[in-house]
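S.K.: Residues per chain, in single letters:
6 protein chains.
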Amino acid sequence: MSEKPLSHFPVPELDDLPEDVRARIEDVHEKAGFIPNVFVVLSHRPAEFRAFFAYHDALMEKEGGLSKAEREMIVVVTSAVNRCPYCIVAHGALVRIYGKTPLLADQLAANYLSADITTRQRALLDFAVKITERSHEVSTHDFDALHAEGFDDEDIWDIAAIAAFFGLSNRMAALTGMWPNPEFYLLGRLPRRAPENGGSGDDS
Amino acid sequence: MSEKPLSHFPVPELDDLPEDVRARIEDVHEKAGFIPNVFVVLSHRPAEFRAFFAYHDALMEKEGGLSKAEREMIVVVTSAVNRCPYCIVAHGALVRIYGKTPLLADQLAANYLSADITTRQRALLDFAVKITERSHEVSTHDFDALHAEGFDDEDIWDIAAIAAFFGLSNRMAALTGMWPNPEFYLLGRLPRRAPENGGSGDDS
Amino acid sequence: MSEKPLSHFPVPELDDLPEDVRARIEDVHEKAGFIPNVFVVLSHRPAEFRAFFAYHDALMEKEGGLSKAEREMIVVVTSAVNRCPYCIVAHGALVRIYGKTPLLADQLAANYLSADITTRQRALLDFAVKITERSHEVSTHDFDALHAEGFDDEDIWDIAAIAAFFGLSNRMAALTGMWPNPEFYLLGRLPRRAPENGGSGDDS
Amino acid sequence: MSEKPLSHFPVPELDDLPEDVRARIEDVHEKAGFIPNVFVVLSHRPAEFRAFFAYHDALMEKEGGLSKAEREMIVVVTSAVNRCPYCIVAHGALVRIYGKTPLLADQLAANYLSADITTRQRALLDFAVKITERSHEVSTHDFDALHAEGFDDEDIWDIAAIAAFFGLSNRMAALTGMWPNPEFYLLGRLPRRAPENGGSGDDS
Amino acid sequence: MSEKPLSHFPVPELDDLPEDVRARIEDVHEKAGFIPNVFVVLSHRPAEFRAFFAYHDALMEKEGGLSKAEREMIVVVTSAVNRCPYCIVAHGALVRIYGKTPLLADQLAANYLSADITTRQRALLDFAVKITERSHEVSTHDFDALHAEGFDDEDIWDIAAIAAFFGLSNRMAALTGMWPNPEFYLLGRLPRRAPENGGSGDDS
Amino acid sequence: MSEKPLSHFPVPELDDLPEDVRARIEDVHEKAGFIPNVFVVLSHRPAEFRAFFAYHDALMEKEGGLSKAEREMIVVVTSAVNRCPYCIVAHGALVRIYGKTPLLADQLAANYLSADITTRQRALLDFAVKITERSHEVSTHDFDALHAEGFDDEDIWDIAAIAAFFGLSNRMAALTGMWPNPEFYLLGRLPRRAPENGGSGDDS
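Chains as they are written, first to last, in the working numbering: chain C, 50 to 253; chain D, 50 to 253; chain B, 50 to 253; chain Z, 50 to 253; chain X, 50 to 253; chain W, 50 to 253.
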């Protein structure tokens with residue numbers, strides 16, 4: 050696999066990048082210990098890079114009713130629908146780390162319907178999958194079902210927006226032929242491995 | 050339809066918005082003569098609003114191998130796959146205006162396979178639909194087919210990124226219950242109607 | 050588009066047609082002001098032409114519990130499932146004219162689930178779509194749901210028969226490469242335009 | 050099964066029918082030895098009955114490049130796609146009788162791709178299935194493939210129109226809950242049974 | 050059809066088979082009056098042959114809450130989902146024989162949803178189809194629905210295991226190009242024909 | 050997860066099992082260091098247990114043109130189609146161990162089309178997926194494509210039979226609610242971990 054290129058498109062040298070893009074990449078490198086490939090691949094287009102990570106941060110770094118682990122669960126499950134190896138593996142690592150659940154990510158990727166989750170999480174993931182597969186069928190019944198599990202309207206926006214944003218991310222990964230850094234496969238699987246910062250997929 | 054709310058979520062008053070968000074909205078209002086609902090609905094979340102329109106502009110306002118009409122054709126066809134009335138109607142208007150083709154948008158929304166388009170446009174739309182429906186099957190064969198029609202790699206990125214971005218947009222429209230401004234339905238249909246600025250869907 | 054033929058099959062001269070077929074075409078020409086292409090294209094086979102329009106009239110010209118606009122709504126929605134540009138555009142015009150709803154047809158073609166319709170119309174269209182996509186699943190539960198909305202058994206037959214007949218029509222349009230007359234695209238969109246007779250798709 | 054009604058809708062007495070409808074039914078009764086249920090069920094609506102059988106005869110009784118057995122093969126295969134028991138069983142009998150192939154109908158109903166047919170018949174059935182499942186994808190490539198097997202344009206119209214017409218028939222059978230007469234199940238299975246007239250499904 | 054080989058793979062002579070395999074085949078030959086092709090085709094791999102028929106007998110020859118006819122109904126309906134002519138035709142004969150229902154098998158193969166069955170049988174077949182098409186969605190709700198129809202947990206295992214085993218069988222038939230013996234098509238259709246032993250598909 | 054039962058069905062004590070079944074389980078326990086849940090869950094039905102593992106061994110323990118890693122790759126990819134967590138996780142471990150490819154199993158489970166495999170392996174997996182999803186479309190073209198990659202007919206039987214057998218296995222896992230032993234998740238991921246015997250999923 051060593052010769053497989055990181056992307057079907059040119060990958061800029063770090064020194065050739067605009068200052069803010071480079072700073073973002075250096076920051077994630079320092080925190081995670083490696084540079085997740087999504088940063089490298091998307092830096093080919095700095096304007097889109099900035100919008101992509103601004104959108105990402107607005108959804109994944111905010112406060113709100115969804116825990117960090119739940120947000121990552123949405124990413125893994127919707128990326129499994131879209132069959133995106135990069136996002137399943139990278140965000141699977143984050144599910145393990147944030148949720149301290151070393152087995153859950155693989156269950157979610159295989160079949161969230163039988164995964165070891167709560168009723169609340171099942172409702173959350175059902176809605177994320179509906180947004181992913183057939184958003185045109187969304188109705189007030191979906192809002193009612195989520196309210197019944199304790200989600201408010203802002204949570205519902207978060208669920209849908211995360212599913213929608215990673216739908217975009219999945220497609221960019223498919224276009225560019227992005228593959229997960231080898232580090233992601235093991236992160237969070239071993240009890241003794243507890244990095245202060247998880248080395249996120251898209252995150253600094 | 051007059052009582053149907055613009056969004057399932059709160060819609061802020063223009064005066065309550067951050068300065069830059071308000072400025073963007075006033076700008077599009079002045080150019081188009083009305084405020085496309087997508088600006089109003091998404092302003093509920095200013096951080097996401099900024100990222101959304103930054104992404105939009107990076108893809109739709111740039112120079113490149115695709116004409117403005119071709120970009121809008123991608124939006125109409127992929128939004129038809131996702132069955133998103135807002136984007137079909139609003140960007141259908143832009144197809145008519147930019148392409149000076151009063152009949153094409155309705156053909157594309159119904160069935161792009163039989164629409165009155167060139168072989169090049171057919172290849173472009175086939176790829177946009179593949180990104181939309183089954184991006185995990187994208188391979189170098191797709192790149193070859195597009196190269197054969199004269200597209201270069203940067204064009205291919207543009208096609209895929211536009212399809213991916215409007216996939217996100219379609220899902221946000223479904224979530225919020227966004228509906229098209231009545232103005233969009235007629236824009237570009239009448240030979241005598243030729244506004245200097247098209248009153249775009251997402252654009253200023 | 051001017052050189053695109055009306056049909057993949059021969060199109061007879063009006064004078065070469067049997068008397069009754071020609072009379073029917075002249076009649077629709079007089080009433081609508083133009084000859085909808087479906088008349089021209091199907092006249093290649095007079096026996097089938099006669100059966101087609103006899104069937105059409107038996108379903109669309111009859112009295113009954115469904116309004117003229119509702120019948121045309123069925124046609125637009127089932128033709129959208131079948132992705133038939135001719136029927137979507139031609140019968141979209143009739144939805145606008147009969148219902149005095151200049152925006153509804155485009156909403157129905159994009160996604161009837163979010164269109165501005167009544168609960169009764171939603172039930173009617175759900176059944177029409179079921180007949181179109183998976184008629185083998187029809188059961189007495191469907192009858193019950195329609196009765197609950199005030200439809201009687203004869204209305205149910207009408208809904209299903211219209212969906213079934215236009216499923217045939219959609220397939221003949223696909224076979225022949227039929228495209229909508231340019232006149233249909235604009236009919237019923239402008240408040241001032243109110244022809245006494247709508248210039249129907251298949252109708253005199 | 051004896052109490053199961055012939056139709057979810059009223060079934061008229063023969064004597065209450067218009068003269069021409071009754072004559073048609075008496076004619077098929079005499080030739081087949083029994084009255085196929087489709088005649089009884091559809092007589093509830095005489096105007097549609099007349100159009101239905103006029104259409105049927107225009108397609109199934111005409112001369113042309115397709116043999117009678119091939120026409121019935123189209124009906125069985127497209128009715129299997131639509132999962133219509135009435136048409137599979139009734140027209141399966143006609144495949145056996147016209148083709149003198151006692152085993153073929155069951156093979157076609159199960160999986161025409163592995164049935165004992167010629168390359169020409171495979172092309173014919175591939176096209177009939179395409180018209181049935183995804184007519185919006187029909188293109189000149191389909192015409193080319195059929196020409197290569199010796200079909201001319203009129204044959205192609207016949208194939209598509211038969212598939213389209215029986216798509217309508219399948220849906221009317223589902224609506225009404227039509228079930229096949231017991232006689233059809235055995236017709237043409239036994240070498241010694243060779244009626245002069247096959248006792249057709251829809252035919253006189 | 051006479052020259053069509055029994056299998057895409059070599060078919061051993063009876064005398065070249067291991068003693069136990071040959072004995073099994075001779076036994077079914079004696080009871081049924083002919084050798085169902087599945088025995089001949091699978092004997093190419095004796096170890097798999099033994100496992101296949103051991104599995105078959107464990108599911109189909111056992112006592113339990115499902116009647117012999119009900120077990121065969123599962124086979125016909127799931128084989129129709131998988132479009133396997135061998136199993137539809139061979140086990141359709143067993144449905145006719147065990148159930149003394151000469152018409153039922155053809156109804157089940159066409160569309161079990163409209164077949165002449167009991168509510169209990171409908172629940173049984175719904176579950177068998179779910180196991181066949183989307184087993185990953187099975188949940189305790191399915192168990193509840195089956196309990197409500199009087200099935201106990203061991204019955205539920207039987208239904209699922211039969212559907213799963215014949216899913217394997219369907220795929221082996223497709224691989225090898227197995228076709229049904231002509232004898233199966235007629236078995237159980239004629240009132241006077243009542244063999245002591247049904248000449249089963251896979252069974253002795 | 051600790052209280053989640055191993056199976057929806059009773060799980061016998063080891064001492065209550067027939068001698069041969071218990072011996073098989075003790076054997077795998079000794080070799081793998083733990084008892085894979087599939088042995089425990091299926092022991093509820095000893096006759097089916099014996100047939101299941103006899104079939105398994107006939108396909109997975111035999112000599113032939115497919116390597117042990119390739120056989121397990123088939124299992125992972127077809128189980129991903131069927132969304133079976135047990136088989137994906139357990140046989141993913143075997144892919145890692147037999148192939149000495151610590152990253153490959155997760156790639157295959159996510160999207161084999163973009164996994165790091167050879168052209169030969171791609172052909173093998175394409176055929177396994179076709180057998181899994183649409184075996185009724187298998188034709189001599191599939192054999193030709195596999196021959197072109199160096200597979201002979203016996204290899205082709207192996208591929209299809211493994212896909213078919215694990216299709217059965219996936220469905221039994223769904224029925225019983227089988228979940229993977231925690232040990233499987235980590236096996237083969239760490240360079241230093243190289244057990245002499247892999248602790249297989251179904252194997253001794």
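Treat the hints as calculated values from the structure; they're not laboratory data. Be careful, since some hints might not be right.
Said to hold, decoys possible - Per label pair, the in silico range of CB-to-CB distance: (1) X:Asp202 to W:Glu203: 37 to 43 Å; (2) X:Glu62 to Z:Ser116: 37 to 43 Å; (3) B:Asp202 to Z:Val130: 25 to 31 Å; (4) B:Arg169 to Z:Ser116: 26 to 32 Å; (5) B:Asp202 to C:Glu203: 43 to 49 Å; (6) X:Glu62 to Z:Val130: 37 to 43 Å; (7) D:Val60 to C:Glu110: 22 to 28 Å; (8) C:Lys80 to W:Pro240: 51 to 57 Å; (9) B:Ala197 to X:Ser188: 47 to 53 Å.
To be verified - Coverage of chain X stretches by chain Z, computed from C-beta distances (three or more under 8 Å per stretch; other residues unrestricted): (10) 130 to 139; (11) 201 to 209; (12) 230 to 236.
Think of the CB as a built atom: it goes at the ideal place given N, C-alpha and C, for glycine as much as any other residue.
S.K.: Determine for every hint whether it applies to the structure shown.
M.R.: These are the hints, each one checked on the structure:
A hinted range of 37 to 43 Å holds for the C-beta pair aspartate 202 of chain X and glutamate 203 of chain W, which are about 40 Å apart. Range check, glutamate 62 of chain X to serine 116 of chain Z: Cβ separation about 40 Å, and the 37 to 43 Å hint holds. A hinted range of 25 to 31 Å holds for the C-beta pair aspartate 202 of chain B and valine 130 of chain Z, which are about 28 Å apart. Range check, arginine 169 of chain B to serine 116 of chain Z: Cβ separation about 48 Å, and the 26 to 32 Å hint is violated.
The given range of 43 to 49 Å is respected by aspartate 202 of chain B and glutamate 203 of chain C, whose C-beta atoms sit roughly 47 Å from each other. As the Cβ distance of glutamate 62 of chain X to valine 130 of chain Z is approximately 41 Å, the hint placing it in 37 to 43 Å holds. Evaluation of the 22 to 28 Å hint for valine 60 of chain D and glutamate 110 of chain C yields a pass: the beta carbon distance comes to about 25 Å. As the Cβ distance of lysine 80 of chain C to proline 240 of chain W is approximately 25 Å, the hint placing it in 51 to 57 Å is violated.
Restraint check, alanine 197 of chain B to serine 188 of chain X: a C-beta distance of roughly 29 Å breaks the suggested window 47 to 53 Å. For the segment 130 to 139 of chain X, the assignment as covered by chain Z holds, since 5 residues bring a beta-carbon within under 8 Å of that chain's beta-carbons and 3 suffice. Counting residues of the segment 201 to 209 of chain X whose C-beta lies closer than 8 Å to any C-beta of chain Z gives 0; at least three are required, and the coverage claim is violated. For the segment 230 to 236 of chain X, the proposed coverage by chain Z is satisfied: 3 residues have a C-beta within less than 8 Å of a C-beta in that chain, meeting the threshold of three.
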